[in-house]
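With these hints in hand, go ahead and build the complete structure from the sequences.
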Amino acid sequence: DPVALHFYMTFHAVVPAPFTMLKGVRKLPPATVMTIERDGSTRQRTYWEASYDPRPDEANRSFEEWQTVVLDSLRTAVKRRMIADVPVGVLLSGGLDSSLVVGLLAELGQRDLKTFSIGFEAVDQEKGDEFEYSDIIARHYATDHRKIFIDTSRALPAIPDVIGAMSEPMVSHDAIGFYLLSQEVAKHVKVVQSGQGADEVFAGYHWYPPLMESTDPVADYARVFFDRSHAEYAQAVDPRFTAGGKAGGDAKDHGSKDHSRAFVAEHFARGGAARAIDKALRLDTNIMLVDDPVKRVDNMTMAWGLEARVPFLDHELVELAARVPAEMKVKGGGKHVLKEAARRVIPA
Numbered sequence: 001d002p003v004a005l006h007f008y009m010t011f012h013a014v015v016p017a018p019f020t021m022l023k024g025v026r027k028l029p030p031a032t033v034m035t036i037e038r039d040g041s042t043r044q045r046t047y048w049e050a051s052y053d054p055r056p057d058e059a060n061r062s063f064e065e066w067q068t069v070v071l072d073s074l075r076t077a078v079k080r081r082m083i084a085d086v087p088v089g090v091l092l093s094g095g096l097d098s099s100l101v102v103g104l105l106a107e108l109g110q111r112d113l114k115t116f117s118i119g120f121e122a123v124d125q126e127k128g129d130e131f132e133y134s135d136i137i138a139r140h141y142a143t144d145h146r147k148i149f150i151d152t153s154r155a156l157p158a159i160p161d162v163i164g165a166m167s168e169p170m171v172s173h174d175a176i177g178f179y180l181l182s183q184e185v186a187k188h189v190k191v192v193q194s195g196q197g198a199d200e201v202f203a204g205y206h207w208y209p210p211l212m213e214s215t216d217p218v219a220d221y222a223r224v225f226f227d228r229s230h231a232e233y234a235q236a237v238d239p240r241f242t243a244g245g246k247a248g249g250d251a252k253d254h255g256s257k258d259h260s261r262a263f264v265a266e267h268f269a270r271g272g273a274a275r276a277i278d279k280a281l282r283l284d285t286n287i288m289l290v291d292d293p294v295k296r297v298d299n300m301t302m303a304w305g306l307e308a309r310v311p312f313l314d315h316e317l318v319e320l321a322a323r324v325p326a327e328m329k330v331k332g333g334g335k336h337v338l339k340e341a342a343r344r345v346i347p348a
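Each residue of the sequence shown is one higher than the one before, starting from 1 at the first, in the UniProt record's numbering.
In short, the hints are calculated from the structure, not lab data. Think of the CB as a built atom: it goes at the ideal place given N, C-alpha and C, for glycine as much as any other residue. Among these hints, one or two may not hold up.
[Said to hold, decoys possible] In silico SDA-like links for lysine to any residue, alpha-carbon gap of 20 angstroms or less:
id, residue 1, residue 2
1, K23, E168
2, K295, W48
3, K339, R75
4, K187, N299
5, K114, E168
6, K257, E64
7, K295, L313
8, K331, K147
9, K339, E64
10, K187, E307
11, K187, W48
12, K295, H315
13, K23, K257
14, K339, T76
15, K114, K147
16, K339, E319
17, K114, V345
18, K27, Q44
19, K127, I148
20, K114, E126
21, K114, S93
22, K295, L22
23, K339, L313
24, K295, A186
25, K190, A303
26, K114, K23
27, K257, D238
28, K295, E126
29, K295, P18
30, K27, R228
31, K257, R228
32, K79, V345
33, K147, E126
34, K114, D85
35, K295, K114
[Said to hold, decoys possible] Using C-beta positions, here's what the derived DEER-type ranges look like:
id, residue 1, residue 2, range
36, G305, F149, 19 to 25 angstroms
37, G272, A122, 41 to 47 angstroms
38, I148, K27, 30 to 36 angstroms
39, P210, R38, 47 to 53 angstroms
40, F63, P210, 19 to 25 angstroms
This is the structure in C-alpha cells:
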C-alpha cells in the first residue's frame, strides 16, 4: 500500500489505522468497534479516548498531590493485573518504570515474585546489559531473579521466526531481544507485568521538551519525530511510489502527498488537547504507542504463549496522566511527577 509505505518510511515506522502495508487490508483504530449490518454496510464507534484538557476541580492541585494521585492510580493498575491463575513475573530492566512495578507488587503482598532481566554482549566497549541496576531492585525486594544473557550468535538465526511472529512489518531491532527474552521467560511463568508505556504517558522522550512552547506544533513535531522528510522519502523509494508513478494508483493522491505530515496536522486539529505538548502526547499515546512498542512486545511475547500486562496503560491511569500539567511531566528530563512519586516506593 503506497500510503502505508510512506508512513512506514517517514513516521518512525508507524502505520496508523486504517492503513496496513498490504494493499486492500485495513485495520480498526484503537478503542473502536465496527458493526457489520446484514446488508453489508458498516459503522464504527470509538468507545474511549483520554482528554488532555484540564479540569476545573484539579486546577489548584499541588505537585505533591499530583504525585499522590498518580501513585495511587498506578498502585490500583498493578493490583488489577495481579489477578491470574498462574504465577505473575516482571520484566525488570532496572529502569524507573519496571522497578516501580516491582516495588508496588511487593508492597501489595505479591509472594515469590519472579523477575527477569536480559543482557547482550558488549559492543565497542558499550555495555549490553543493565544488570547492575536490576540487581539492586531484585536484592532490595528479595525477588526470585533470573538474569538471561543472550549470546549474539542466537540473534541472526532467530530473525525468520521473529518476522513470522510479526502481525505487521516492524523495524525495531529490539524485537529480536523481546522474542528471545520471551522464549526464556515462558519456561518459568506465563504472565508478566511490564513497565511499558510510561515514556509516552508521562512524557519521557527527548522530543517533548521542544514542544512545550511551540508555535508551529506540526512542523516542530515532524522535525523531532519523523525519520525523514517527504523529499528524502521520494529519493529513497522506487519512482513508482512517488509522483508520476503507477504502483500506488493515482500519483496525485499518493506519491505527491506528504501523508505523515497531513496525518499529524489532522490529529493535532482535533479538540481535547489545546497545547502543542498535549497534542503530541495524545498522538503518541493513541497512535505511536499502539502501532510500535505495544504491538512489538505483544507479538513477541505471545509467540511463546507469554502474556505481557502493562499497568501504565490502564485506562484510568492514562486518563489521569493526560490531565497532569505538562510542566510536571516534562521537567527534569521527563516523567518528573512519576520519578518523584517513585521515591516513596523504590530505593533512590
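- [ ] May I ask which of the numbered hints given earlier this structure violates, with the numbers listed in increasing order?
- [x] 5, 6, 8, 11, 20, 26, 28, 30, 35
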